[in-house]
Amino acid sequence: MQMIRVGFIALVMLALAVVPVVANAIDEPFYVSLFTRMLVLAIAASSLNLVLGYGGMVSFGHAAYLGLGSYVVGIGFYHAANDGMDWALNGWMHLALAIIIPGLAALLIGAISLRTRGVYFIMITLAFSQMLYYFFIGLERYGGDDGLSLWYLSDFGSVMDLNDDSQLYYLAYGLLLLVLFILYRLVNSRFGMVVRGAKSNERRLMAVGFPTYRYRLVAFGISGAICGVAGFLMANQSEFVSTSEMHWVHSGDLIVMVVLGGMGTLFGPVLGAVGFLMLEQYLPELMEGVCHIIGGSSCGIAGEYWKMVFGPLLILIVLFARGGIDGLLQGKVGRNV
Amino acid sequence: MSEALTIEGLVKQFGGLTATDHLSLSVTKGEVHAVIGPNGAGKTTLIGQLTGEITPDAGTVRFAGRDVTGLAVHRRSMLGLARSFQITNVLADFTARANVALAVQAHQGHSFRFWRKAATDQRLIGPAEEHLATVGLADRAGVTASSLSHGEQRQLELAMALATRPAMLLLDEPMAGMGPEDSARMVEILKRLKGDLTILLVEHDMDAVFALADRITVLVYGRAIATGSPEQIRNDPDVRAAYLGEESADA
Amino acid sequence: MNWILLIEQTLNGLQLGLLLFLLAAGLTLVFGIMDLVNLAHGSLYMVGAYFAATFTAWTGSFVLAVVLTLPATLLVGAVVEVVCLRTLYDRDHLDQVLATFGLILFFNELVRLVWGPAGLSVPLPEFLSNSLELAPGLIYPSYRLAIIIASLLAAFFLYWLVARTRIGMLIRAGASNREMVGALGVNIRFLFTIVFGLGAALAGLAGLMAAPISTVEIGMGENVLILAFVVIVIGGIGSIRGAFVSALLIGLIDTVGRAFLPDVIGGFFDDEFADAAAPALASMSIYLLMAVILAFRPEGLFSARNG
Amino acid sequence: MLKRTITLAAGAAMLATTAMAADPVKIGFVTTLSKGPAVLGRDMRDAADLAMEHIGARMGGRDVEIIYKDDEINPGIGKKVTDELVQKDRVDFVTGYIWSHVLLASYKSVIGNGPMLISANAGPSQIAGELCNEDFFSTSWQNDQTPEAMGEVLNQLGIKSIYVMAPNYAAGKNMVAGVERTYKGEILGKDFTKWPDQIDFSAELAKARAAKPGAVFVFYPGGAGVQFLKQYAQAGLKETIPLYTVFTVDAISLPVVKDLAVGSLATQMWSPDLDNAANRKFVDGFKAKYGRFPSFYAAQSYDAIMLIKAGVDAVNGDTSDKAGMRAAMKKADFGSVRGDYTYGNNNFPIQNFYLREAIKNDAGEYTVKTAKTVFTAHQDSYHSKCPMN
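Protein sequences appear in the order of chains A, B, C and D. At position 114 of the first sequence (counting the first as 1) the number is 503 in my numbering, and the numbers step up by one without a gap. At position 34 of the second sequence (counting the first as 1) the number is 393 in my numbering, and the numbers step up by one without a gap. At position 5 of the third sequence (counting the first as 1) the number is 700 in my numbering, and the numbers step up by one without a gap. At position 130 of the fourth sequence (counting the first as 1) the number is 352 in my numbering, and the numbers step up by one without a gap.
No lab work stands behind these hints, which were simulated from the structure alone. Even glycine gets a Cβ: it sits at the ideal position worked out from N, Cα and C. Be a bit skeptical, because a hint or two may be false.
What the hints assert, rightly or not - Reference excerpt, derived from the structure (chain D facing chain C, CB under 10 Å, subset only):
(1) A260
(2) G411
(3) D419
(4) D422
(5) F423
(6) A446
(7) Q456
(8) G458
(9) A545
(10) K591
(11) K594
(12) T598
What the hints assert, rightly or not - These stretches of chain A come out as covered by chain B in the derived footprint (C-beta under 8 Å, 3 or more residues):
(13) 427-439
(14) 571-581
Isolated chain A (complex conformation):
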């Protein structure tokens, strides 16, 4: 099984590497933006995976860090466009701030949230993300809930041009590989052992002498920072920043991606993000097709009800395929894998 798993993951990563080449060859540029979205969400889901999958901290508010990262780009653009502050478009600065600000926010939120346990933790992370959501809705200057259309993207000078979809794609792909490599080192380091140990049995870790709180907190901060990178990319990909990316349902989507792909595995969230967006894209068409095959009437609208299939599918995954896609590849089916 291990062979199949490694092969499959390698295949997915390789396929992702050639998306722009293929899409441009067959003249279907739409796939570049669709797959860029997948890469971006794969980074966000990977960041969540660090706390959720490896650290056992069920954060129901990661959309907030995604939003903060994208607002770094949006606010930079706003001042460049309206106040003539050209330097505010500097891509390196965007990237750096999109790491620092969400990271600090996560440290702050984590510092309070990690005092709580279980459902309280789920709910307090949710509450903080809702607070940020309403905060940005009230920020009229930066568009409120209308958001900001970005007429200029993050500027990397002659290094790269994000207006070119392929270049943006490979930036996202490169950053995803980098994030995965960093996470790989991180979870296997001494630090990672403490974080994973605290998921498994926090009481024991404290008894052997670990102040687990601060390790979990740092993991939470790192996770927020990585999620901010995804936000930076998302703003440049959609050429738009908006509060709706910060809504709690979006945090739920990120959790779904992590679990769909496989929690606590390195590539699980990547598979999850790809799978999630594939379902979002093709489940409606699939349903329409099935509707036609079984000879239903008004099949044109069948696809609009795709969530009616997606919802129960999610339940089935929780009940029977707990390891997600990655777990299935390892041949693990059933409950407690």
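Take the given structure of chain A and dock chains B, C and D to it, following the hints.
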């Protein structure tokens, strides 16, 4: 006379129930001091207060010459106070080696080390395997903890406690749930450790207690009704009445 | 300060708080007893409101609709419990969050399929459509008073059920020790189905009470769901008393914030800033409250053990 | 903008080679088809379908195909489906768009990439001003116009003071700003309520009552409008303080709230009782086919299809002749259901605004009737910021 651990006037109440009632007790360096008592005597509550998981309502705990009453769990561990749990409490999805390595890691400075792989770090693995050997688990190092037998998990508990290089061990019923064979092996292991370490042993298995203990304190309803050598305790009429009553009646 | 207005706003806050309690009561019951995080509680609230709309249209009577809606949502809840949630009790909260998240998606589409995309309306019952003058100058809609009374009745009923009855005894025992109740010869699975059904009926009650003052539409449960969670988390999960206190607290803070914050901020800063800051602050106030309370009391105001 | 020019060139080349008479004219239609506001999307889609029926699904001698997409009221999703329509389905026009934020997010995906964009509802100030483009047309209004008309109504009626309520989000603030711009009386109080999850307005209504204004002005679209109207009536305010609204009382909310809204006044650039041939055909056709009154969302969507037809007809189906289509569309002589109107430099309509009163008609249906004309040939106030002539 050097005391490793001194407890003075310790009180802990849960609602109306007094679990620890003005308890005073001292453990001398190097001795094995057993605490026995019937169910509900407050033994586990006592251990909890010693490790810092439970905050006492009154009284002091002194360890290695300093007052640790208000100190957090991990700080006491750093001072050299290690514990094993009554209910097996290991990291179920880690290997035995990784379990002990984590305990070793806890006492090698901070763990904000983000890059080097822990699983191949000889500074962790070396000591970990030593401690596994001490408790007789050398050949089980690569097995996931949840796949170990109950007795082996208890041994692993002990290895983790040892890996923190403690000055003193708090053993909360190390023989709980073990068969006679496993118990005997554990007694052997503990005998080997005796002398190097101060041990506070809470245990139901009287054979083990009398085989290991230098001194015994009998706890009833949170109070120490007697402290003394195994011989003294065996012959103490109060203890016989309160605790050993039935057994001595048979004898 | 206008005293009539202050009293009226306090009454408004009380009324909102009690409505929130109604919303949260079923959630905290299910949560506290079965340790189940049920995100689909909002969906049951929505289903309750749709039932109320349909039954009111059929029978022409709000009271009859109430009589029909409660057992109907109880039944829906029981079916959901048996089909889907039963297997989730011994799972961790993450699994429960995900599965019930899936249920939300399902219910939204199901409702759209059955009732169509257009919102429905429940007219006020005739006998409650007037306003009462509680004091000179203090006019209050009688339906709002009906919400207050219904919520208080529900609170009392829950208190009585949990504290005073044999079922309540079993529920409390089942919460702390499932095996023990099983050993007593009680069918614990059936008991849980009943409790979940009861929680669903409470959600349905909240939905039908809210229906005449709001829009019955798809997704109406998702926003109130978060509010309900804030209520039970502040109150202490599983504690009915905690939910009651925190619902009132939130209702009052939210209402008073909306009513007086713009003036207060306007007193210190210029109007433009007050226009922007006050509503944002009012929106964030309950989440701020929750963060502050959890920072100091990580298990909420009332821990379930004492509640 | 390297990407823009490249795709534009590629798009033009593609259009030139594939725009054969045999291929249908493709129109992408982005609206909300799920969640609460799906009811608005349904009205828009029904109206577009009706328009297709009325034109025999033909424009400029070619077949026409409409591809509907759901934006889930989410700008991210809206942008994604717009990308898909433009890049994958290669539509000639994109229309629909209820929400300003969805339109703003999707704007860049269409403009400059080949197709033309026709907003059938949203009219954010940015697009009327600095972001205006020759490939964009509106068949609705600029957001501020309707409340500006309302402010004028209040002046004309001699109302000395008002109390204002709107949700705390961008459109809500625009609506309030619009009224403030034209209204000359005193604004006694202003409340921006939590959006979207405020279930109870009693705190604000109590304040409004205590302020004793001459009128209350509100903007609550969709389900929130139903909720507001109910609570307004239940608080006993319906009898005491007249209510003036924008985008709150319409063919969507009226059948739901019924009598509670009767008598309330709203401004709009269209009304089902406007007396012109196109409107009669539209309203009667809509009622016959769907059994209900059309909303302004429907009217604007119907017009959007008709506007596109005018463009495609003018170039005889050669959709690569964009200049020809633009010129034809700019004339706005396709027979709008709102009567004649013209386009300003920013391609937003210069049109009349009417005061509509909610009524129960003789047939027992709830609808609106035109009370008076507030503005004639009114132009939005952002057109001067638009660099186009």
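Against the structure, the hints:
no., hint, verdict
1, A260, "holds (4 Å)"
2, G411, "holds (8 Å)"
3, D419, "holds (3 Å)"
4, D422, "holds (5 Å)"
5, F423, "holds (9 Å)"
6, A446, "holds (7 Å)"
7, Q456, "holds (5 Å)"
8, G458, "holds (4 Å)"
9, A545, "violated (40 Å)"
10, K591, "violated (22 Å)"
11, K594, "violated (29 Å)"
12, T598, "violated (33 Å)"
13, 427-439, "violated (count 0)"
14, 571-581, "holds (count 7)"
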